[in-house]
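Peer 1: Dock chain to chain to rebuild the complex, using the hints, since each chain is given by itself in its own frame.
Residue-level listing of the chains:
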Amino acid sequence: MARRTVITGMGWVTPLGHDIESVWRRMLNGDSGVEKTTVFDASEYPTTFCAQVRDFDPRAFLGSRWQSHAGASRNTQFALAAAELAWRDAGLADIAAVDPTRVGIYLGGGEGPIDFDNFAEAAIKGCRDDAGQLTALDTTRWARCAMQVLDPMRELEQDPNLAASHLAVRFNAQGPNLNTLTACAASTQAIGEAMHMIRHGDADLVITGGTHSMIHPLGVTGFNRLTVLSTRNDSVQTASRPFDRHRDGFVLGEGAGIVILEDLEHAGNRGAAICGEVAGYGSTADAFRITDIHEQGRGAIAAMQTAMESAGVGIADVDYISAHGTGTVDNDKIETLAIRTLFGERAAKIPISSIKSMVGHLIAAAGVVELISCVLAIRDGVVPPTINCHTPDPHCDLDYVANEGRKIPVGVALSNSFGFGGQNDTLVVKRFDG
Amino acid sequence: MASDRRVVVTGLGLATPIGIGAEAFWDALLGMECGIRRVEAFDPGGLAAQIAGELPKFSIGDYIPKTYRKNNKVMSRDTRIAVICAHQAAKDAALNTACLVERGEAQGPPNVNPARFGANIGAGLVCADLPELAGALNTAVDEQTGRFSHHKWGREGMANLTPLWLLKFLPNMLACHVTIVHDAQAPSNTITCGETSSHLAIGEAFRTIARGAADVCICGGAESKLNPMAMARPLLLNRLNTGANGHPESACRPFGRDSAGTVASEGGGLVILEDLEHARARGARIYCEMAGFGAGSNTTSWSKPDPSGAAISLALTNALADAGVNAEQIKLIVPFGTGVRAYDVSESAGWRRAFGDHLGKVHAVVTKGLIGTNGAGSGAIDFATAVLALYHNTVPPSANTDGLLADCTLPFATNEAVDANAEYALTLAYALSGSQIAALVIRKYGE
Numbered sequence: 001m002a003r004r005t006v007i008t009g010m011g012w013v014t015p016l017g018h019d020i021e022s023v024w025r026r027m028l029n030g031d032s033g034v035e036k037t038t039v040f041d042a043s044e045y046p047t048t049f050c051a052q053v054r055d056f057d058p059r060a061f062l063g064s065r066w067q068s069h070a071g072a073s074r075n076t077q078f079a080l081a082a083a084e085l086a087w088r089d090a091g092l093a094d095i096a097a098v099d100p101t102r103v104g105i106y107l108g109g110g111e112g113p114i115d116f117d118n119f120a121e122a123a124i125k126g127c128r129d130d131a132g133q134l135t136a137l138d139t140t141r142w143a144r145c146a147m148q149v150l151d152p153m154r155e156l157e158q159d160p161n162l163a164a165s166h167l168a169v170r171f172n173a174q175g176p177n178l179n180t181l182t183a184c185a186a187s188t189q190a191i192g193e194a195m196h197m198i199r200h201g202d203a204d205l206v207i208t209g210g211t212h213s214m215i216h217p218l219g220v221t222g223f224n225r226l227t228v229l230s231t232r233n234d235s236v237q238t239a240s241r242p243f244d245r246h247r248d249g250f251v252l253g254e255g256a257g258i259v260i261l262e263d264l265e266h267a268g269n270r271g272a273a274i275c276g277e278v279a280g281y282g283s284t285a286d287a288f289r290i291t292d293i294h295e296q297g298r299g300a301i302a303a304m305q306t307a308m309e310s311a312g313v314g315i316a317d318v319d320y321i322s323a324h325g326t327g328t329v330d331n332d333k334i335e336t337l338a339i340r341t342l343f344g345e346r347a348a349k350i351p352i353s354s355i356k357s358m359v360g361h362l363i364a365a366a367g368v369v370e371l372i373s374c375v376l377a378i379r380d381g382v383v384p385p386t387i388n389c390h391t392p393d394p395h396c397d398l399d400y401v402a403n404e405g406r407k408i409p410v411g412v413a414l415s416n417s418f419g420f421g422g423q424n425d426t427l428v429v430k431r432f433d434g
Numbered sequence: 435m436a437s438d439r440r441v442v443v444t445g446l447g448l449a450t451p452i453g454i455g456a457e458a459f460w461d462a463l464l465g466m467e468c469g470i471r472r473v474e475a476f477d478p479g480g481l482a483a484q485i486a487g488e489l490p491k492f493s494i495g496d497y498i499p500k501t502y503r504k505n506n507k508v509m510s511r512d513t514r515i516a517v518i519c520a521h522q523a524a525k526d527a528a529l530n531t532a533c534l535v536e537r538g539e540a541q542g543p544p545n546v547n548p549a550r551f552g553a554n555i556g557a558g559l560v561c562a563d564l565p566e567l568a569g570a571l572n573t574a575v576d577e578q579t580g581r582f583s584h585h586k587w588g589r590e591g592m593a594n595l596t597p598l599w600l601l602k603f604l605p606n607m608l609a610c611h612v613t614i615v616h617d618a619q620a621p622s623n624t625i626t627c628g629e630t631s632s633h634l635a636i637g638e639a640f641r642t643i644a645r646g647a648a649d650v651c652i653c654g655g656a657e658s659k660l661n662p663m664a665m666a667r668p669l670l671l672n673r674l675n676t677g678a679n680g681h682p683e684s685a686c687r688p689f690g691r692d693s694a695g696t697v698a699s700e701g702g703g704l705v706i707l708e709d710l711e712h713a714r715a716r717g718a719r720i721y722c723e724m725a726g727f728g729a730g731s732n733t734t735s736w737s738k739p740d741p742s743g744a745a746i747s748l749a750l751t752n753a754l755a756d757a758g759v760n761a762e763q764i765k766l767i768v769p770f771g772t773g774v775r776a777y778d779v780s781e782s783a784g785w786r787r788a789f790g791d792h793l794g795k796v797h798a799v800v801t802k803g804l805i806g807t808n809g810a811g812s813g814a815i816d817f818a819t820a821v822l823a824l825y826h827n828t829v830p831p832s833a834n835t836d837g838l839l840a841d842c843t844l845p846f847a848t849n850e851a852v853d854a855n856a857e858y859a860l861t862l863a864y865a866l867s868g869s870q871i872a873a874l875v876i877r878k879y880g881e
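Residue numbers (the numbering used here), protein chains in the order written: chain A, 1 to 434; chain B, 435 to 881.
All clues given are correct.
Capping the alpha-carbon separation at 27 Å, the derived lysine-lysine pairs in DSSO-like fashion look like this: (1) Lys349(A) - Lys407(A); (2) Lys586(B) - Lys125(A); (3) Lys586(B) - Lys36(A); (4) Lys491(B) - Lys507(B); (5) Lys504(B) - Lys491(B).
The set of hints was computed from the structure by calculation and includes no laboratory data.
For reference, chain B alone in the conformation it holds in the complex (with noise of 0.2 Å):
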């Protein structure tokens, strides 16, 4: 709509398996530095698939205030890797958030008012941590039965766990640490929408900025896939790689013609989106602008993708007119290929139906093969992905794309990265679980 407010991307804050934060992030990319090996969290041994995507060693002192290290123990991993995430983007944007204040890391007045900063953070199925709940539960086996006894649990099982244990997993705490910590006051929300969640997220809080209700907000998702519940469920679905525990580099293949799954992961990423006026008003750098959001619905099924990718190429279409742009205008592409292969034959049609012939032209990338997919988080790791080849003009390689499906047009860099040469990019993520699907287009930054 003529009368919105421009919207700018001026922070970027990531953590991935090949690296935390947006600079190791890209030269991890760039270099194709798998971050996929042997999970080390806890012993994979009784499941068939033993690889993952797992950050690297962190300590979470690093990336809030010191007076809030007390929260630590109420924060579940999903929720340690969104505070991360939102420490690094409000670092990138040089925003001078309560956090960063009060860990010495900002110089200058506060640039942002907590009253006009909101956030929107996709989160999922936060699970519990499974050792400490089922030591709980191993306390109220009734003796006789060698069952689960709810007379024993109601009585003295349950207070085996602490008291504020729910907190830990309710899917909103990403969001409450993040607006805590940084001190953001304005509208705030939590999409739980799996993987398509934090292209969703950033969707909104676009239009939450183009009209009027906040002037920066923080947004994006994060999840971790590293317990065992999280991982099994996925297993159970047929959907991960379980032949690759020996060659982890070569066991996420997107659109690939032998592949046999995705890798559980985890990780996330939050981006700063701001009012124009305001970014540049205190002189912030600009990675791109915000040009388009659109969404839709696969409405064949909720528990398989539609082979025809009709609704993947409806939210594309919706997103290309909302930033008032048609297909051959778009020269940059991350598709959110995951390896998993009815869902790779669904994006690879909707792309086609979308941009039909002129697919050919433009340059893709897809980051799962160095990383797989953690769930709410993907999108926006890809969504940063966008911005950085627009930003550095460079199509980074995509690895594990040699040798795509039969009729995936998709043109990747196997190997070197290219220049992108682009005005435009466009980036999609729909749930593996769910019906939602959602794109966003950027556009280079000019006065």
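Extracted from the complex, chain A is given alone in its bound form (with noise of 0.2 Å):
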């Protein structure tokens, strides 16, 4: 009999704030936390706005020990508030409960926002005289003002492990430290892997989920070259529309969600309480296209129909699904058409929900939110709003829960999460039910 693993303590940083219980009112509420992009002038790129999260001030989390912390990036500071709201939720505040050599991490870590001005200059004055001109670079010159500009830490700090590694640091965490770049599955991916580690008895007790941000200069490009963002400048609040026929891309987001993953046992002989339990975890890649989905779906089913599978539930058992729903038209359709090729004539009748449209996309870390957001349907009986999905949409005609949340009794959810390039992943989650 495989062990089982648990959630016992959740924590996160998104941009409708910074604590469980507010951030899930706020989410049942219907609330956006879209708004005009402050962290750098985006006025006149393609796309304006984001889902920024605000008012956030590590030393609120960290105290004293932030100091030591201050270089972090803005991923690694949001991991690290996040952890510390968990670690806290867990009741391992007394770090002397558990031993650290049987303590893991496994982040799905975005790499640290670019130190753009300084990239900037060291390119500009890297190109020859001809200012404003599509131009060669000279290497030596690059060279020379990068190596004056650009800050050894500053530099090591962008790394995609370092929010992990921070982590460690932080909590003593001797055992495997991983971190999954899946793109926007990553931290669905970390969990799935971290509930393996803990089956195999590689750890007892694991940080696990996600971190990015990728509201920076260079993200916000490569997304609006894509043409995968909204363009809905005039209405900011009302851009992220998974679903809604009208919907014209994602809207950016940012922010981590930890949650700390047990081992069943582990968990009651230090009489922790149990929040949900990790059942399931699938994992496929599409070996399509690198540019689209796979047109059946036939990952997304794949991932699904494994973590299924591996959690023991079928078709009638799941009571609500997380969809990755991104509010892109390809997405929507096809998470549509999978969920209803798997699920046949009961798709319909589960609840399906995109809080992507309130948070916005948070990229690696959009999974682990999503999950959290499944563990408080579970405990409250009640799922989140769909909002802005207003317009039918004939290729999306399954129940979003359209702009309310529903009181609904919900004892097994799912959690999606679709990568560029392919990469499904899919969690099940569960009422603990002893």
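Peer 2: Laid out in structure tokens, this is it:
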């Protein structure tokens, strides 16, 4: 019998706020976290808005410990704060309670935002004297300037494994430490692999989840060039509209979510309160095209199916699906098709929502924030709405819990995450029934 | 765990500065051919370190189906290296994947089910193509201030980047291209933990097959530091030897008492791990068996090694325990040894803690003296070195290991190969930026 894995603590930093209960209330209320971008001047970019984390001060979470993490990137700051909340929520503030060699970390952490101003300065000075032109770089000139203006630690802190490394130091987690970066599926993948790490006995407790901020000039540029972002600049709070016929792309968000995943027996021995059980995980590759999702949703179907099999739940058992639901034309259409194909007639009876309609798309951190919302839905018997879902799309004909949350008992929930390039990951979370 | 399936290594695909393909690499390693020389990929004149381990010239068309060539423009150099490794690995394993079938290189019917074929590929922080990006940024300079203008960039500058620009640099693109080209649809992951990435990816793939979630996995890692930004970053951190531009062959000195930094490099390795029964059923050549995987984390710092080597020792011990062996049963080790002194000191202490006096009785091999450090792909090359050494019963010599750190007792063969006579081999990797550490144990294959 495989070891069972339960969630004993949760924390998040999101565009709707930074503590579990108040953000959850705002989600149930259908609030939007989308506003004009202020992290940098995006006023002339094709997309001028995003779902930013606001009023965030890492000192409020880390206290005097902040000093030693002061060079951390925005990503890592989010992760440290969310982990601090989860650690306390799990009753682990007394660190003597766990064996540090049995504590692992598995994050889906993004790269830290690029040091853009200095990078751009070196890039421009490295180009020959014809400013304003598309010109050849002189790497000798570039190098001279870059070595002057780039800061060693700011560069180091951009590596995608740095958030997980900061957490290891903060929580004295001496066990296995991994970071995955499978684009938009990363934190879902991290939690699924963390589940296996515990099942196999590589750790008893894993600090897992993800963190990401791509709200920086090159992040927004990259997504704008791909034409995957909404450009509804005149009505930003209605821009994220998953499954609505007039959807025109996703809204970039940022933040972090951390859960403490624990071997059931370990949690029981220390008398921890249990929020929910991570019971199944499926991971697949579309192996189709870099730029498109498989037309029939082959990989998505297989990911959901594998996750359900590994959790031992059937079609009739699933009460709720937290969709990947980005608000791009293709994702929502194909995710709908995949759910329809897998669940058949039952598909229309399952409430499905995309909280990206409210918090935007947190990229690597999207999955964990959605998983936490599933745990809360199970706890409270209420599912969050998909806001801005007004005009039916013939390709999206399921029940998306449009615009208003709904009271409904949830015992088993699926959380989907699909990444660029065809990475599909699904988690099954269950009410903990002893 | 008793119920786990046995996992074996059936294919090695390597792309290194001293050769593409496992055989070319092995021959060059035995012949102590050095792959480090002055950078040719770009003009390194402005950088203090002007040497690197660059791959031999290659044409990507030799490694992908003809129909896939149009995707070359969205592949970063890191991705191309991974694609080369994948082709070499599948071929070496006689695995009839979609790529080899389409290229006419596979004999016989498909022998791997795409739905049971997974991938786990370590990747670095893939650097943007600097000339392309810098040129575009330069179009957004404000004439008045002479500085970058977000307004100008948003209105017109960014249009100078191709629409698919971002897709080229996502770390998971290595795995995405490889899984598309070879049609691998089972669990797929991308580990981004610096130099530890390959070991973690191989370890995780080992677990994935052992628990039955896939029958075959292509795993390892790849990275290229051969671009100005990727060389500037370790230079800023004083990790590259800047005093050896005139004598590249002796520039990288792992565990050397006179070491002055490592040498940037590019390359990688992807290996085929396979369920033993699956490998037997198709009559595959078996290099060795996966015996153990252990990982750990430095908890003293995310930017500096722990001089005590305690965390490294714990990862080694975890791997040994997972394999069900003790240090005395290990006769062959492949340390990571980059030539960056503080890390070499920490690693050397870690091996001593885990192995005690037995350390003097093992054979050790370190590869960096010939090929430098490439990041996410370095560990896979080391892993393949361990596999080949065990399989051929031969310990290759380790270049530039004369004159070790005072307390370093790692026994390297400095000039010529010696017999291995080993049942088990152990290999280690750790991140230079960040805390991750991982170790793998392999065992000679026997019924």
